[in-house]
Amino acid sequence: MIQRIQSVFLLITAMAMAVFLGTNAYTRTLSESETISVNAYHVLHKVGGLGTEKPIYYVAVMGAIAVLVSLVAIFQYKNRIRQILFVAFNALMMGATLAVTVYHIMKDAKEVGTGGTESYEVGIFAIIVAMISNTLANYFIKKDEKLVRSADRMR
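Using the working numbering, read the sequence shown as starting at 520 and increasing by one per residue.
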């Protein structure tokens, strides 16, 4: 059923990944006029009014796939084995999204200039929240499947 706790966790996963898609993951301020920001779509290096952009749209595609898989998994409540497969695939997508985002932070954003203040923004923490809620959803799906199988044995 849709009102089960695993559906709530899958919805939290989808919302957290949507937050990742809409916010910055990392910002670094080198001076008042020079900033570097990383989000799901690009690495943006602004100097004054000018900016250079390195597009990384594949990260946004991976994040969007994670959102869609989470939403599809919610409605697979009648087939828990398939739901477990969707959740496992989603964990791989989110792990890959986090890894690629951290790679771009380390390679593209931290190698430019020295000093300045850096901060990890809401986007990077949203992926972590999504991964935790996805893991909790997986736990409760497996628990539900175990309960159903034990009830079948009693018949």
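A portion of the hints provided could be inaccurate.
[Claimed, not checked] In silico lysine to any residue, SDA-like type, Cα no more than 20 Å apart, as pairs:
| # | residue 1 | residue 2 |
| --- | --- | --- |
| 1 | 661 | 596 |
| 2 | 629 | 567 |
| 3 | 597 | 655 |
| 4 | 565 | 551 |
| 5 | 661 | 594 |
| 6 | 662 | 526 |
| 7 | 573 | 542 |
Derived by calculation from the structure, the hints in this document are not laboratory data.
Holds or violated: residue 661 and residue 596, Cα atoms, limit 20 Å.
Since the Cα atoms of residue 661 and residue 596 sit roughly 12 Å apart, the hinted pair holds (cutoff 20 Å).
Hint consistency between residue 573 and residue 542 [alpha-carbon to alpha-carbon, up to 20 Å]:
holds (17 Å)
Take a quick look at whether residue 565 and residue 551 sit within 20 Å of each other, Cα to Cα.
Given pair residue 565, residue 551 holds - Cα atoms ~10 Å apart, limit 20 Å.
Straight-line Cα separation of residue 629 and residue 567 no greater than 20 Å?
holds (19 Å)
Can the restraint linking residue 597 and residue 655 be considered satisfied, given a maximum Cα separation of 20 Å?
Holds. Residue 597 to residue 655 sits at ~19 Å (cutoff 20 Å).
Are residue 662 and residue 526 close enough, with their CA atoms no more than 20 Å apart?
The hint holds at about 13 Å.
20 Å limit on alpha-carbon distance, applied to hinted pair residue 661 and residue 594
holds (16 Å)
Of the hints listed earlier, there is not a single one the structure fails to meet.
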